[in-house]
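Novice: For reference, the chains in residue letters:
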Amino acid sequence: MSVRAVAGRLWCFLREVSGETAYDQYVERHRRDHPDAPVLSRREFERRRADERGHDPGSRCC
Amino acid sequence: MTVPTAIRERMSLRSVVIWTAVAIAGAVAWGVLALARGENISAVWLVVAALCSYAIAYRFYAKFIAHKVLGVDDRRATPAERLDNAVDYQPTDRRVLLGHHFAAIAGAGPLVGPVLAAQMGYLPGTMWIIFGVIFAGAVQDMVILFFSMRRDGKSLGQMAREEIGPFGGVAALVAVFSIMIILLAVLALVVVNALARSPWGTFSIAMTIPIALLMGFYLRVIRPGRVLEATVIGVGLLLLAIVAGGWIDQSSLADTFTLSAETLVFCIVIYGFFASVLPVWMLLAPRDYLSTFMKVGTIVLLAIGVLIASPVLKNEAVTEFAKSGAGPVFAGSLFPFVFITIACGALSGFHSLVASGTTPKMIQKESQVRMVGYGAMLIESFVAIMALIAASILEPGLYYAMNAPAALVGATADSAAQAVANLGFTITPQDLQSAATAVEEETLIARTGGAPTFALGMSDIFSAFLGGASMKAFWYHFAIMFEALFILTTVDAGTRVGRFMLQDTLGNVYKPLARVSWKPGLWATSAIVVLAWGYFLYVGVTDPLGGINQLFPLFGIANQLLAAVALTVATVILVKSGRLKWAWITGIPLLWDAAVTLTASWQKVFSGDVKLGFFAQRARYADALDRGEVLPPAKNLDDMSTVITNTTVQGTLAAFFAILIVIIILDAARVCWKAIRTHRELPTTETPFVESKIVAGSGLFPSPEERAQLVGAGVGSRDDAEEPPERR
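These protein sequence lines are chains A and B, in that order. Heads up: the first sequence begins at 3 in this note's numbering, then just goes up one per residue. Heads up: the second sequence begins at -19 in this note's numbering, then just goes up one per residue.
So that you can see chain A by itself, here it is in the shape it has in the complex:
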C-alpha cells in the first residue's frame, strides 16, 4: 500500500468516526427505502441529529 492509499483510508476513517458521513448514509438509505419521499437538506438533517443527542447524552467515563 502506498502512503497515499494509507492517508486516504485514514481520512475516510476520520470522516466516518467524526460522523461527517452520517448525512450521506442517511440519503443513501432514504433513497433505497423511500424512493418517493423528499430527502431532508443537510442543514435540517444535522439539526435533528444534534437535537437527538440532547435527549441522550450517553455515559462518559473518567
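Calculated from the structure, these hints are not laboratory results. We put the beta carbon where it would ideally sit given N, CA and C, even for glycine. Do not rely on the hints blindly, as some may be mistaken.
To be verified - FRET-style restraints, in silico, Cβ to Cβ:
| no. | chain 1 | residue 1 | chain 2 | residue 2 | range |
| --- | --- | --- | --- | --- | --- |
| 1 | B | Arg559 | A | Val29 | 18 to 26 angstroms |
| 2 | B | Leu680 | A | Val29 | 47 to 55 angstroms |
| 3 | B | Glu209 | A | Arg31 | 46 to 54 angstroms |
| 4 | B | Ile656 | A | Gly10 | 24 to 32 angstroms |
| 5 | B | Gly447 | A | Gly10 | 25 to 33 angstroms |
Claimed, not checked - On the chain A side, residues computed to face chain B include the following (Cβ under 10 angstroms):
| no. | residue |
| --- | --- |
| 6 | Ser20 |
| 7 | Ala24 |
| 8 | Tyr25 |
| 9 | His32 |
| 10 | Arg33 |
| 11 | Ser43 |
| 12 | Arg55 |
| 13 | Asp58 |
Stated by the list, open to error - Just a sample of chain B residues kept apart from chain A, beta carbon distances all over 10 angstroms, derived:
| no. | residue |
| --- | --- |
| 14 | Val49 |
| 15 | Phe147 |
| 16 | Thr211 |
| 17 | Gln398 |
Chain A is fixed; fit chain B onto it per the hints.
Specialist: Below, chain B without anything else, positioned relative to chain A:
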C-alpha cells in the same frame, strides 16, 4: 487454561514463532522491571512489558473467553442488524465503533490515578494496571458488552434488576448516581488544583469556552455537519490560546486571571450549570470533538515520545510507603490502596455503563465484542501506563514536593525542601524553584491532583524531542490544557447524565419532572446535581487535611463498587445460563474487587490510625475542639469544625458504599444458589436467535478466511479488504 481446539488447530508454524518471540520479549521486559534494584532503567521496558502482555492476552485469553465462555456466534444477528432504525440501533463498522467506544470510556481517570499511585513505586502500579486490565477490567467490559448485546442493549441497571432482583436494581441505580457525583467532584478538583494561581492555565482553559461556542455555531449555521473542518479550526485556535496564555502571563492582565481555588470552584459550578442546560450543539458536542481529537493525538505523541526520548525511571521500584502506609500523597498501605487509587486503566466500573449503553446497539457481529470491548480497554490501560511513566521519570523529591498536601510541605521552597527531606528524599529549594521557573509557573509546591505532575513529566518527554528546553513551558501548559479540556467535557456530560437519572426517578413522584422539555424541571434538577458535586468540590478545596488525599480514595471505592455490581451481574448470568464451570472468569475478579473495596472501606471507617480512618480523625479533632485546642494543620476553631463535618460525611459515605456492595453480593449469591439447586435449565433472558445477513470481519484487519467471505458476498476485493461491509 484450556485453549479451544479450534484455535489450536489453526495455529501455523509462523504464528507459533511470532507468539513465542512476543512472549520472550515480554518476559525479558518484566524480568528487567522486577529485578532492577538500585540502578535506573529506561521507561521503554515498561512499554515493552505492557504491549507484549496485552498482545498475548488479546490473542489468547480474550479469544478463549469470547469463543469458549461467551460463545459468540456470527450467524446470529445483532440488535443493530435486527432493530436497525438509523438512530440508536445501527450497524457500525467495527473500527469506527472502537473509536466511539474508546472515546466514551477514556477520560482523565487513567491520567490521575497512576500519578498518585507512583508514591508506592512504579512496580505495584504497573503490575496492577497490566494484570488488572487483562484479568478483570477488559474482561468486565467485554462480558458486559456481550450480555447487553444479547439482550437488545439493556442497561446495567435493567440487567441487575432482571437477573438479581429489584433490590440489586435499586442498589445499582444508587451506586451509579453516587459514583457520578463523587467522580465529578474529584475530576473538577483536579482542574481547580491545576489552575489555581496559574494565569496561563486559567486563560487558556477559559478560552476553550468561546472556541467551543464558535465551533458549535460553525457546525449549526455556517457549514452544517463538517465536523473535521470545525475540529481543525478548533484545534488551531486551542494551540493559539495556549501560546496566548504565555503572553497573558507576562502582561498586566496576569492578575485578572490569577484566581484562588475558591473562586475557581464558583466558576466551575456556574459553568457546569449552564453547560448542562444549554442545547448540546452549543457547547457539549463541539467540546466532545475537540477533547477526543486532542486526547488521541496527545497519547499517540506521548507513546512516540517515550520510545524516542527513552526517559529513565527515577522513581524506586517499590518505595517504603508501600509497606508503611505512611505516604504523603494518600494514606494507607499497598493493599488495598494501590488497587483503589488506580481504577480507570485497570478495572473501572464506570465502563460497564458505556458497554451496556450505546455500544451494544451498534455492533455488527457478535465476535467483534473482543475487539471493541476488550481492545478498547487495553488501549485505556496503555494510557494509564503512560501516566505512570510521566510521574516516575521525575526526581522523587520534586514528585513529593508537588503531591504532598499543602499542610505538610508549607508554602515556600525552603519549607517544602525541608518536608521532603523529612520524608527521606532530597531536593534543594533552588531546584524546586527552577523547576517551576522552567515551566513559567510561580510555584509547583503542593500542586496536588496529578495533573501538574503528569504535565511536568510530559513536558520533559516532549521537550526532549520537540523544541528543547525553550518549549518546556508550552508543553507543560499544553498538557494542563489537554487534561482540563476533557475533564470539563466530562463535567458537562456527567451533569447531564446525572440530571437525566434524577428527572427519571423524580418523574415517578411528580410527572412533569420527567419531561425533558419542561424548563423549570430542567433547571431545578440540573441545579441539584451541580450543587451536589459542587459541595464535594468545595469541601475538597477547603479541606484543611488536603482534598485529594481525603476524596480520591472515596472516588476509587465508588468506582470499584460499580465494578462489583457489573461483575456480579456477569457472574449471575453465567451461573444461571448453566455455565457454572466458567463462572470463575468473572467470579475471581469479583472476589478480588470485593476484597479490595471492602478492606479499603473498612480501614477508611474503622482504622484507629488518624491518617487513615475518617472517624479516628473525627474523634481526634472533636476531642481537641472540646478542650478548645487547635490541632495543626487546622489554623483556627472554624477549621476544626470543618474537619469534623468533612470526616463525618466522608466516613459515612465509605460505610454506605461498603454496605451497598455487601447487599448486592449477598443477593446475587442467593440467586446463584437457587440456580445451582434447581437442576433444570432456567428460562433464558436472551432475545431469540435470528439469522444474520451481514458479512463483516471480527478483528482490526480481516483474516484471509474473512476476506474470502467478503469477496464471496461481493462486497470486498482481494486487495481492498477495508471496504465497509454491506448487506448481501
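Novice: Now tell me, hint by hint, if it's right for this structure.
Specialist: Evaluated hints:
no. : hint                                   : verdict
1   : B:Arg559 x A:Val29: 18 to 26 angstroms : violated (45 angstroms)
2   : B:Leu680 x A:Val29: 47 to 55 angstroms : violated (29 angstroms)
3   : B:Glu209 x A:Arg31: 46 to 54 angstroms : violated (24 angstroms)
4   : B:Ile656 x A:Gly10: 24 to 32 angstroms : violated (56 angstroms)
5   : B:Gly447 x A:Gly10: 25 to 33 angstroms : holds (31 angstroms)
6   : Ser20                                  : holds (4 angstroms)
7   : Ala24                                  : holds (7 angstroms)
8   : Tyr25                                  : holds (6 angstroms)
9   : His32                                  : holds (9 angstroms)
10  : Arg33                                  : violated (13 angstroms)
11  : Ser43                                  : holds (9 angstroms)
12  : Arg55                                  : holds (5 angstroms)
13  : Asp58                                  : holds (7 angstroms)
14  : Val49                                  : holds (25 angstroms)
15  : Phe147                                 : holds (23 angstroms)
16  : Thr211                                 : violated (7 angstroms)
17  : Gln398                                 : holds (35 angstroms)
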